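Participant: In case you want the letters, here they are:
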Amino acid sequence: MTARKLWKQVKKYKLIYAMLFPIALYFIMFSYYPLILGIINSFRESKLIGTPRFVGFANYKEVLANPLYMNALENTIIVGVLTFIVQFVFGLLIALALNEIKSRFIKSTIQSVTYLPNLLSWAIVGGMWITILSPSGMVNALRQIILGEGTSPIVFMSEPKYARTIMVLTGAWKGAGYFAVLFIAAIVSINQSIYESARIDGASRLKQIVYITIPNLVSTMKVIVVLGSMSILRNFDQIFVMGNSLIYDKVRNLLYLIYNDGIVNFKVGLATAAATIVLIATFLLSTFVRKITRYDETYS
Amino acid sequence: MFRNRSLNNDLALPQRIINYIFLTFVFVIMVIPMINVFVISTSTALDASQAGLKLWWTKFSLEGYEYVFRITKLGRPFLNSLFVSFTSTIIQVIISSLAGYILVQRELPFRKAITSFILLTMMIPGDLTLISIYQVNKQLHLLNSYTGLIINGLVSGFCILLMRNYFLSVPESLAESARIDGASELRIFSTIYLPLSVPGLATIFFLEFVGKWNSIMIPTTLVTDQSLFTLPLVLKSMIINKSSVSGAPPAPDNAVMAAIVIATIPLILIYVFAQRFLLSGMTLGASKE
Chain A
22 MTARKLWKQV KKYKLIYAML FPIALYFIMF SYYPLILGII NSFRESKLIG TPRFVGFANY
82 KEVLANPLYM NALENTIIVG VLTFIVQFVF GLLIALALNE IKSRFIKSTI QSVTYLPNLL
142 SWAIVGGMWI TILSPSGMVN ALRQIILGEG TSPIVFMSEP KYARTIMVLT GAWKGAGYFA
202 VLFIAAIVSI NQSIYESARI DGASRLKQIV YITIPNLVST MKVIVVLGSM SILRNFDQIF
262 VMGNSLIYDK VRNLLYLIYN DGIVNFKVGL ATAAATIVLI ATFLLSTFVR KITRYDETYS
Chain B
387 MFRNRSLNND LALPQRIINY IFLTFVFVIM VIPMINVFVI STSTALDASQ AGLKLWWTKF
447 SLEGYEYVFR ITKLGRPFLN SLFVSFTSTI IQVIISSLAG YILVQRELPF RKAITSFILL
507 TMMIPGDLTL ISIYQVNKQL HLLNSYTGLI INGLVSGFCI LLMRNYFLSV PESLAESARI
567 DGASELRIFS TIYLPLSVPG LATIFFLEFV GKWNSIMIPT TLVTDQSLFT LPLVLKSMII
627 NKSSVSGAPP APDNAVMAAI VIATIPLILI YVFAQRFLLS GMTLGASKE
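Chains as they are written, first to last, in the working numbering: chain A, 22 to 321; chain B, 387 to 675.
Keep in mind the hints are simulated off the structure, nothing from the lab. Source: prediction; values computed, not measured. Cβ atoms here follow ideal geometry from the backbone N, Cα and C, with glycine treated the same way. Among the hints, a few may not be true.
In silico DSBU-like links for lysine-lysine, alpha-carbon gap of 35 Å or less [unchecked claim]:
1. 35/A with 524/B
2. 459/B with 445/B
3. 445/B with 32/A
4. 228/A with 68/A
5. 243/A with 123/A
6. 243/A with 128/A
7. 82/A with 182/A
8. 82/A with 498/B
9. 128/A with 35/A
10. 123/A with 182/A
11. 82/A with 68/A
12. 498/B with 459/B
13. 228/A with 82/A
14. 312/A with 228/A
15. 459/B with 524/B
16. 33/A with 524/B
17. 498/B with 29/A
18. 29/A with 123/A
19. 445/B with 26/A
20. 182/A with 32/A
21. 228/A with 243/A
22. 459/B with 312/A
23. 35/A with 459/B
24. 288/A with 243/A
25. 312/A with 82/A
26. 288/A with 445/B
27. 68/A with 524/B
28. 498/B with 243/A
Label pairs and their computed distance ranges (CB to CB) [as the list claims (entries may be wrong)]:
29. 421/B with 42/A: 22 to 28 Å
30. 47/A with 436/B: 48 to 54 Å
31. 573/B with 129/A: 36 to 42 Å
32. 473/B with 232/A: 26 to 32 Å
Partner residues are not named here, just some residues of chain B that face chain A (Cβ under 7 Å, in silico) [unchecked claim]:
33. 405
34. 437
35. 495
36. 522
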């Protein structure tokens with residue numbers, strides 16, 4: 022296309038460009054500019070008044086030398102990976118189990134009930150489980166019924182040794198249903214004739230599940246692993262609602278620490294440096310996961 | 387397709403029993419906490435504070451709900467959440483469908499570049515740029531304002547591309563024949579493209595409404611004025627207050643649970659309405675653009 026023709030085309034669509042302009046402006050102001058501003062700030066000192074000086078990599082050095090950030094990294098990975106694994110296993114099992122049920126009523130009831138918590142915010146789910154795990158809550162009542170009247174209640178939310186388990190299990194309680202829905206959608210789309218011919222060849226139903234259903238879910242599993250690897254680093258709400266000063270050492274994660282340093286304590290330089298490191302780590306991790314699952318080859 | 391599953395294509399009896407036990411276990415784990423919350427919310431403050439399973443009422447009472455509206459004053463945050471979520475979701479749906487439609491115009495110069503510009507924003511995790519987003523909002527005087535709550539997250543690359551993908555699946559011959567009949571672009575958009583993309587519109591509406599209703603991070607960062615608090619912020623402070631010593635007297639358990647039930651109701655309503663469109667939309671969201 023010649024420049025003249027192109028110009029004619031552009032003029033023809035000028036109304037459309039005018040419509041796109043506010044959208045572009047939004048993305049520049051709330052997506053691209055904050056990204057660049059964050060990177061710039063990570064090289065500057067944290068100063069509220071006046072123009073902050075550039076300090077090179079000092080903030081990055083401070084982050085890497087800060088034991089709190091190392092602790093947060095450990096918490097993020099342990100809680101994140103374990104939550105993902107429990108969620109994945111239960112999501113898959115629920116989907117496989119529901120597929121063997123013929124009653125549509127039972128199917129849709131269990132599917133809706135497992136999916137529901139996924140819709141609720143952590144303010145809701147967190148508040149719910151804090152109450153259930155409180156000294157007068159249901160879990161302690163169950164312990165008294167099983168272990169006898171004299172059992173003294175455990176204050177679960179202030180015991181560091183239970184903190185990670187609680188975050189993992191409540192996280193999985195909230196999220197497993199979503200994975201189950203994704204697996205169910207994939208199971209439904211498997212060609213039924215494969216099952217028919219396996220049945221004619223005399224394969225039992227269990228064998229069909231192991232040799233037909235599960236292998237046909239591999240591509241869905243890859244999608245879920247890619248989605249999951251991204252969400253591990255982005256779990257702010259749960260810790261924000263359910264964390265407290267007694268258990269922070271076990272559960273405080275990177276996003277929460279960055280929020281706390283940057284927004285609450287005004288250590289902008291430190292927090293943006295940490296955020297930039299996590300940003301790069303996220304990018305590397307996603308590239309790595311895509312590579313080992315051959316995500317791009319399968320889906321492009 | 388041959389759908390007749392005869393008896394010999396079932397699991398063996400012991401396996402079927404294990405299957406039912408597993409599903410019962412899942413069902414109980416999911417439902418019991420919800421029943422517990424509902425029962426506590428409709429008990430008296432005294433019963434709620436007593437130890438016990440609390441899966442049935444000692445005495446049915448709505449005093450928790452009364453407390454929440456009279457003393458915690460949950461009405462204002464509830465309306466705030468409703469207003470902010472609805473306004474921004476509706477604007478989001480309009481913007482996404484218009485922008486999605488623009489991106490399927492084959493003749494539009496620089497279409498590829500514009501699409502990449504939008505696609506790239508999906509790679510920037512918003513929660514990692516939070517500190518800069520706070521600074522941007524401060525410079526624009528959007529802190530502590532409804533405008534700020536509505537405008538943050540108003541446009542999403544994901545929603546635009548979801549709509550674009552829906553529009554791409556509309557056969558072009560339909561639009562072509564309408565064009566020959568002299569229909570205007572706006573007419574083609576509203577009578578051909580939009581009706582064929584209802585599941586996409588419903589998915590965006592649902593996902594965005596739920597996301598905004600539940601949003602904690604952005605409102606916490608932008609809002610310190612209590613009259614602008616959204617529901618999750620009030621819920622959070624009610625929960626924190628229970629376990630801390632300082633500040634206002636903590637709300638009793640039945641009130642906290644009542645607030646939780648109130649915050650859940652709109653989500654369940656919208657889920658019921660949107661459910662029949664959702665499966666296709668959600669799986670679309672999980673596959674690569």
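Participant: Against the earlier hints, flag every one the structure doesn't satisfy and list their numbers going up.
Facilitator: 3, 4, 8, 9, 10, 12, 13, 16, 18, 19, 20, 22, 23, 24, 26, 29, 32
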